[in-house]
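Protein chains: 4
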Amino acid sequence: MPELNIAVIGGSRVSQEVCTLSYNVGRILAKYNVVVFCGGLTGVMECVSKGVSEGNGIVVGILPGYDPSEANDYVTIKVPTGMGYMRNFLIIRASQAVISIDGSAGTLSEASFAISEGKDVVSLFELNIPRKKEKEGHVYVEPDPEKAVQMAIELAKNWKWHEENE
Amino acid sequence: MPELNIAVIGGSRVSQEVCTLSYNVGRILAKYNVVVFCGGLTGVMECVSKGVSEGNGIVVGILPGYDPSEANDYVTIKVPTGMGYMRNFLIIRASQAVISIDGSAGTLSEASFAISEGKDVVSLFELNIPRKKEKEGHVYVEPDPEKAVQMAIELAKNWKWHEENE
Amino acid sequence: MPELNIAVIGGSRVSQEVCTLSYNVGRILAKYNVVVFCGGLTGVMECVSKGVSEGNGIVVGILPGYDPSEANDYVTIKVPTGMGYMRNFLIIRASQAVISIDGSAGTLSEASFAISEGKDVVSLFELNIPRKKEKEGHVYVEPDPEKAVQMAIELAKNWKWHEENE
Amino acid sequence: MPELNIAVIGGSRVSQEVCTLSYNVGRILAKYNVVVFCGGLTGVMECVSKGVSEGNGIVVGILPGYDPSEANDYVTIKVPTGMGYMRNFLIIRASQAVISIDGSAGTLSEASFAISEGKDVVSLFELNIPRKKEKEGHVYVEPDPEKAVQMAIELAKNWKWHEENE
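Chains as they are written, first to last, in the numbering used here: chain A, 44 to 209; chain B, 44 to 209; chain C, 44 to 209; chain D, 44 to 209.
Derived from the structure by calculation, the hints contain no laboratory data.
Heads up, the list lumps identical chains together, so a pair's fine if it works in one copy or across two of them.
Cross-link-like lysine-lysine pairs, in silico, DSS-like; alpha carbons within 30 Å at most: (1) K74 x K190; (2) K178 x K203; (3) K93 x K176; (4) K175 x K93; (5) K178 x K93.
In isolation and in its complexed conformation, chain A is listed as follows (with noise of 0.2 Å):
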């Protein structure tokens, strides 16, 4: 049984070459056994949903809306909240890092989200976040895929509950 969740943020509407590398880093999450959790909608929740779905992977999408049907047609479980973009926010809670992949406000706005509950971030693109405390987490860049999906792995197996991340 999959024991690490693993979030997947970025854009909901991309290039190709960012669709590319996001469906790659889903086959790579998909042959290390991890749960990946995502938007579960377009762009880049769409490219990774595919990658890891074509791995035989699991993938969840924590879904805005109320409906399932909302989903894109490769996500395993679909997971409608009704919360609108704060589901964004369950996606980081669920997970124990993050990969981030090319995105606008709202991606920053969960990448930094991680950082402040004390989670690692990989991301493929350049990412500034400010870090001021001992318990949040740190951003670290890495644009291979297979590298940056390595590292988010050993970062959530170190990943621990402190209570003063609560």
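Following the hints, put chains B, C and D in place on chain A, whose structure we already have.
The following block gives chains B, C and D in isolation, referenced to the frame of chain A:
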């Protein structure tokens, strides 16, 4: 790929009899290939998870705390939320129908939230919930686990998202 | 500065009789200088808000949608949440005791959530909620508005946060 | 009755200089009769609350825990949520515009969430948030407290709820 989510709700401390009933509900749900959502902890949640797991199904545990290790041993997908008991309502949001087994105030809160969100509840025990609005769901009492699961699956298939349920 | 929060819950469509009762509860709560929390919309929510407002008290409307203008005309502080009916449970989290007036499944869901979170509920009408755990709150039935408010204030004063209620 | 909600966000540990700035922002907001939303704890939250309070305004503290007594001494309306840092996003949901003062990853997370939800942010310090979608809000940098407040009020007045921001 499983296309229906069904929630199983019930008390965190249960008699052997109620545990066996919950286990059977889990086995039957696994047989019908639905994704089971529950609170991921003890009592009904653990007994139903064991049934799903031994039937080779998928059970998602929506957890109150921040730590995935608080889940019982049979949960397939562990989803920490950090929302405390408010996570109960995410279990309902994620599902298209609900099976209610014996419980206390928390279980009643989930079942009546389901009704108010327009979702049907199949209860293995007597359950009274006031229903005043057209858009609200119905409670069906069905003590037989096999029949209760079949009924919940039919109700879940007929569930449709309506704007006014928002 | 007011030091107690009390939730008033009830149906969104009410008879004139129940509206008058709700209005009176609001007037009395304002007299005792507590902050009143409600869902901010119609029915009991509007009638109680009018009572608080005309008694020069503060009423906070925790709204289901994104738009503050969905609040009724008597709400002092409008709090859009975008969480739909899940906002009900924020009303309970915000308060130290709850007054329940006639309602449907949604109201029962809030009242039983309060009990499960260790908060007491004073109901103006008959209300049955199973209670199985030491840490759970109690239901008190008191049809007289003045007495119901006084009782809720005493219960709110005695409420204490306990780790195990988390 | 105040008709606008404005959020003030910033770090929980601040220099004397930033505290004074936050206090001044609070005084000015009170003067203009808006309802101020913040996280209700220490640092910027406490300094701005003191300013609002001494200006006889209303400041709502949306708290991470379950206990209203965790609020700082200057909060008018204490709103425990039990959602941990996820309460940050309720502060944004409640407001029509945001004033950002110096902070760490948590503050960046709130500011970028605001942008992604179509709300404008006035920042007293440099703040870079990617913006890719038409519906997203804007960041304005304005170091002068009086001007920053006036700008935030104008932006809040112009904010309108659009379905696509859901």
